[in-house]
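Colleague: Fit chain B to the supplied structure of chain A, relying on the hints for placement.
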Amino acid sequence: MAYSDKVIDHYSNPRNVGTLDKAKQSVGTGLVGAPECGDVMRLQIEVDENQVITDAKFKTFGCGSAIASSSLATEWLKGKTIDDALTIDNMDIVEELALPPVKIHCSVLAEDAIKSAINDYRVKNGMEAIELEKSHH
Amino acid sequence: MIKTPIYLDNNATTPLDPRVLEAMLPYFNEKFGNAASRNHPFGWAAEEGVDYAREQVAKLIGATDKEIIFTSGATESDNLAIKGVYEMYKEKGNHIITLTTEHKAVLDTCKHLEKLGAQVTYLDVEQDGLVDLNKLEAAFTDQTILVAIMYANNEIGVVQPIKEISAITHKHRALFFTDAVQAVGKIPVNVIEDGIDLLALSAHKMYGPKGVGALYVRRKNPRVKVTAQMDGGGHERGMRSGTLNVPGIVGLGKAAEICYNEMAEESKRLAALRDKLERNLTVLEESYVNGNVEHRIPHTANISFKYVEGEGLMMAMKDMAVSSGSACTSASLEPSYVLKSLGLSDDLAHSSIRFGLGRFTTEEEVDFAIENTIKAVNHLRELSPLWEMFKEGIDLDSIEWAEH
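Residue numbers (the working numbering), protein chains in the order written: chain A, -16 to 120; chain B, 120 to 523.
Note that these hints are calculated values from the structure, not bench results. Just so it is clear, CB atoms sit at the ideal spot from N, CA and C, and this is done for glycine as well. Misleading hints may appear alongside valid ones.
Below are the BS3-like pairs computed for lysine-lysine, each with C-alpha atoms no more than 27 Å apart in a straight line [stated by the list, open to error]:
#, chain 1, residue 1, chain 2, residue 2
1, B, Lys494, A, Lys(-11)
2, B, Lys234, B, Lys209
3, B, Lys510, A, Lys7
4, B, Lys290, B, Lys254
5, B, Lys395, B, Lys437
6, B, Lys459, B, Lys510
7, A, Lys5, B, Lys510
8, A, Lys(-11), B, Lys437
9, B, Lys494, B, Lys510
10, B, Lys387, B, Lys329
11, B, Lys254, B, Lys282
12, B, Lys234, B, Lys202
Every beta carbon over 12 Å from chain A, so not counted as near; a handful from chain B, in silico [said to hold, decoys possible]:
#, residue
13, Thr219
14, Ser406
15, Asp466
16, Phe487
Here chain B stands alone, though its shape is the one from the complex:
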């Protein structure tokens, strides 16, 4: 018997790995010191934990420990990278290139900088969710200082051609920042091989705790600087003041170490489960996998079930925690901007479900998900006037729908 509800929303957050929790526990009480207290053993013990975590995180992404700045999470890392670079390099230029499918933490940060005088190009992606490198190249101006393009997309899981993007960026003498929250710990990410200058990661997307993340800031070739966005005691080499979240950082380190050791096996297992899920769900008529199926992280499947609405569908899949591209609960009724960026029509975007598998997902759970999803889709199609019209051969585009 499997325990319900089953959790298939690992792109939103992952459960804490028990080994991570175990590593963190001593830092709440026995080793509670302030890592910045340099003159007594309490401080030293905390600092040792932080130093070790810094090495663990650095190792996972091929960086050195001095290049890791701990933050409160990826949103802060995104803000620090983009605002910090803009402030530091605005004498050189004011142009930033990003994608329309970026996370809001990147898009809203760019919008903020626009108010301060930045020029931002929001590049559209192709139908498969990937950026066209020619269009990227064409977007550069002599004012371009930063390219901010995510490693893997949170909704559809596609992995951008990072090496090519960084090469083009460096040819134009700009810096390359990547929000790699969905990729780090899931697929090999190496800041040297990938040519990354700044990288954001988050602990809670890789079986670590919430409230802690990191920003990688390159120290050599080139040496990158960011202007601090949080002023105070000059922690984290002056780039991020604030007493370090020692238990969180220790947890992030442990989570990174586990990913480093287990990623190769885990990604194979998850890709096989993901493929099984997709294979069985696309047997349903009028169901489509969204995004490039070759270049993507192994644990995410985004599928549109035409003629059923995502939120209604999720309600029928009541023993499963998944996520929908439909945002019927928001006042705007706007479906996912990421799916729309792929050129999906609004109705298809409303009909999409994201399945996010993870370390603790079992094959039995995937089998359950398949069965449950098929049942739910069929139930809702029985109720769907659009499905009936489709079956009668009526072209839905020929109907004049009321605006509302």
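Just chain A, with the same shape it has in the complex:
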């Protein structure tokens, strides 16, 4: 199966690879997936006092589509408020990267990672965790 140009681009030149200090109050961390499933994503956001995401970083263990999905997610997150970020849907990622059906789970994982990072931030800062849709897998 051939990968789309966009997947190859994100895979070869991943955006925003790295680590934020998860101990900081302003940082939310999402760690989703499992090594035995062949996919683990860690997505982190740094949020300012206006609830705008000023920085986003990721590291992913997984196939090219998983890496590309999380790389794309970090690009989309920057500059969004955490409420806006919640509207990112996995199907947007599928469309942007032209993921084939067997790779849709990669986009689902990226969406889970976004929500999980936002929730981590919310709980840290005294907000209620938002209800997550239960596993799509």
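Modeller: Leaving out everything else, chain B in the frame of chain A:
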């Protein structure tokens, strides 16, 4: 300059040797006859080609020509051997012993027979991929009619103790069938010395064409019979009907002859290249060779690179054709069942790459593979949260991972 992508997936299939192609060509047009046409020169020419090929194949495995049944490939040979023996001998018993690491063509055939009343024991292998002979011995019942154990494994290349297995099998008055697809033409295989009753081989794994293979069926001590699974004109001594694939068979014969003549040199050269590859890649931290490193075919290396995922890794090794134990593309997301049978954890199985060298692999290509693989592993570890956690000394098993 080497030409990319380089091909290091010779366990999946091998390129056709040009000498094989040359031998085949006349049988597509000049000598196009039906080998079963006994009454004109067109038929005779085809039959002569087939007869010669039968001798070439027999010679490679120490058999006689009458013991070679041509088929469409190893999957058909596996089916014919296992189903054919079961059908022929089911009055004697209904028990079959095989391994969990067999090829799907063997496992799925056994599963099919289970539906028809067979009892099948799927033996686990040890951590190094080899069968424990005591466990094999203990698996026999008075109903055991067949042991089906592969010669060399397609994913990790380990070679089973065939002589010992056949001796135990015969002590219990059962037949021994081996799928020898990965071994024939690569290492010495001799049906007499090895005590093999039935053996499956395939042309395209030994630089021959696709779509042709053979089943060896022993004629003496004991005389083995299989019930045909394909009915028709009674070709191949009634065991496999269907007009013979003459060009393919001629190609298989030529491929067998070349292997017979060149195997000794070739296996030394490939083992040296394989060792070089392994030596240089296991310098990487947290990389492990899978399977027994002493008893194995010379051209296969299976290595796990911990904390990177195989499919992602293959994408980074874009100028190389290799194979991964990770099956992220399949709906199940299940990693290789062979690697899991060795007791590898799922994550390590996901992190494995099979390098299959072959006749046309050069040292320059191996050097390229080493450099390219190291670069790819390092790139992906930079991206891997698991690698970062490992480096920070976090025990990954202590984390509660979400099920998905």
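Colleague: Enumerate the violated hints, using their earlier numbering and listing them in ascending order.
Modeller: The structure conflicts with hint 15 only, although it agrees with all the remaining ones.
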